[in-house]
Amino acid sequence: MDGVKLHAFWASPFSARVIWALKIKGIPFEHIEEDLPNKSALLLQYNPVHKKIPVLVHGPRPVCESMVIVEYLEETWPQHPLLPTDPHKRAVARFWVKFIEDKSPNVWMVYRTVGEEQEKARRDSSEMLSILEEHGPNKGKKFFGGDSINIVDIAFGGVALWMGAMEEVSGCKMFDAAKLPRLNAWIANFKSSPVIAENLPDRGKLCDHLARLREKRLSSSTSK
Amino acid sequence: GEGRGREADRGWPSPFVMRPRIALNLKGVEYEFLEEKLGVKSDLLLRSNPVHKKIPVLLHAGRPVCESLIIVQYIDDAWPSSGPSILPSDPYDCATARFWAAYLDEKWFPAMSGIARAQGEEAKKAALDQVVEGLSLLEDAFGKISKGKPFFGGDTVGFLDIALGCFLGWLRVTEKMNGMKLLDEAKVPGLAKWAERFCAHDAVKGVMPETEKLAEFAKLIMAKFKAAAPPPQ
Numbered sequence: 520m521d522g523v524k525l526h527a528f529w530a531s532p533f534s535a536r537v538i539w540a541l542k543i544k545g546i547p548f549e550h551i552e553e554d555l556p557n558k559s560a561l562l563l564q565y566n567p568v569h570k571k572i573p574v575l576v577h578g579p580r581p582v583c584e585s586m587v588i589v590e591y592l593e594e595t596w597p598q599h600p601l602l603p604t605d606p607h608k609r610a611v612a613r614f615w616v617k618f619i620e621d622k623s624p625n626v627w628m629v630y631r632t633v634g635e636e637q638e639k640a641r642r643d644s645s646e647m648l649s650i651l652e653e654h655g656p657n658k659g660k661k662f663f664g665g666d667s668i669n670i671v672d673i674a675f676g677g678v679a680l681w682m683g684a685m686e687e688v689s690g691c692k693m694f695d696a697a698k699l700p701r702l703n704a705w706i707a708n709f710k711s712s713p714v715i716a717e718n719l720p721d722r723g724k725l726c727d728h729l730a731r732l733r734e735k736r737l738s739s740s741t742s743k
Numbered sequence: 009g010e011g012r013g014r015e016a017d018r019g020w021p022s023p024f025v026m027r028p029r030i031a032l033n034l035k036g037v038e039y040e041f042l043e044e045k046l047g048v049k050s051d052l053l054l055r056s057n058p059v060h061k062k063i064p065v066l067l068h069a070g071r072p073v074c075e076s077l078i079i080v081q082y083i084d085d086a087w088p089s090s091g092p093s094i095l096p097s098d099p100y101d102c103a104t105a106r107f108w109a110a111y112l113d114e115k116w117f118p119a120m121s122g123i124a125r126a127q128g129e130e131a132k133k134a135a136l137d138q139v140v141e142g143l144s145l146l147e148d149a150f151g152k153i154s155k156g157k158p159f160f161g162g163d164t165v166g167f168l169d170i171a172l173g174c175f176l177g178w179l180r181v182t183e184k185m186n187g188m189k190l191l192d193e194a195k196v197p198g199l200a201k202w203a204e205r206f207c208a209h210d211a212v213k214g215v216m217p218e219t220e221k222l223a224e225f226a227k228l229i230m231a232k233f234k235a236a237a238p239p240p241q
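Protein chains in written order, with this note's numbering: chain A, 520 to 743; chain B, 9 to 241.
Simulated from the structure, these hints should not be mistaken for lab results. The beta-carbon is built from N, C-alpha and C at its ideal position, and this holds for glycine as well. It is possible that some hints are incorrect.
[To be verified] Distance windows between CB atoms, simulated:
#1 A:C726 to B:C207: 32 to 42 Å
#2 A:V568 to B:P197: 16 to 26 Å
#3 B:V48 to A:S738: 32 to 42 Å
#4 A:K608 to B:K221: 33 to 43 Å
#5 B:G198 to A:R580: 16 to 26 Å
#6 B:V140 to A:E594: 30 to 40 Å
#7 A:N718 to B:R71: 49 to 59 Å
[What the hints assert, rightly or not] Pairs of lysine-lysine, PhoX-like flavour, derived with a Cα cap of 20 Å:
#8 B:K221 to A:K570
#9 B:K61 to B:K45
#10 A:K617 to B:K45
#11 A:K570 to B:K115
#12 A:K622 to B:K62
#13 A:K571 to B:K115
#14 B:K155 to B:K132
#15 B:K115 to A:K608
#16 B:K115 to A:K622
#17 A:K622 to B:K61
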């Protein structure tokens, strides 16, 4: 079987999602740490459209976009499935992955902005969380995938587990644990799962990194 | 019978509504069209898609499926032995199709819809440039993915054909309203010929709106948009 390489970055939630999927499925891979923002020539070659990590390279062929990579892993290595077999349940899982992908940029915006723009992003992030709390398919279950982690858990994990650091660094609260009891319980379950716990960046290091980036971004931004 | 779907549709103009219709046609699945009244969302729609309250929604055996490309994948999963496979069978080809579909929905189509809404000539040009650049990327992708065959899906219309093809009506309207050729045979020959084949396909021709009708609809929306916009400072 062709070797698997992953171009990743330690602080990226998008890389983390792919690493979690690889580890859950027990797929051996070579971790290639990109020194962002100094992107390697290889990375630019593999992802000319977005120029971003993560990029999974299976043999000679690159796959880009974290959730596209996770679906690829699911189809190529069916063990420890991350998607149900029933067509309707699959559609429901994919719906929530898309929902998370569509709404989570608001979370990154809270961290990237200030003032009115940040406040709007905070409101939109809170709305995303409320909807997940009310309608999310994890009612009465440990994970969105039931007893085991599935694609929705992986998608949301990349957002939820970075939210705390972003709140700390931006001074802007998004997650109200009192209003989100189910999601709060989910976070505890997810974080304590061994594969996840062993593949998370150090919180202090992450906050330092994010704080530095935020400062740089805000001090160099011109009026929009 | 067992094979029936039902689809909530307000939107003959909507490219997103077109996607599942093409998929159902490819699979030869009979379906019932539920026309939503413009401006009023039915109880059924609100119950079926409480999160987004939007069409398209597919109802199959009473269960709703939402989000156009997710519906397309569902149709492929639910009717595996009818008609051609819509998603490629090879996982890598599948990943490639998904990558480009995400690009279309997240970057390219928003740029195209942004042209009409752009405030001022500079913003308009920037949006147009993005659309043109996107078409150039897609031309390149078409060459690599189709490998000399008529469609992104090879011999048959597939996932990426559906994902992109549904925007052709609006692309033509954009060309008309801006007096420019975007699907230029000289610049994107592969895509230009592909577009003709796609629109002529049996699964597509009945659901692709006429450019004239769409252009009139676009003028209506633009007028509404301008009327609702705040007066210039």
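- Query: So which of those numbered hints doesn't the model satisfy?
  - Reply: 1, 3, 7, 8, 10, 14, 15
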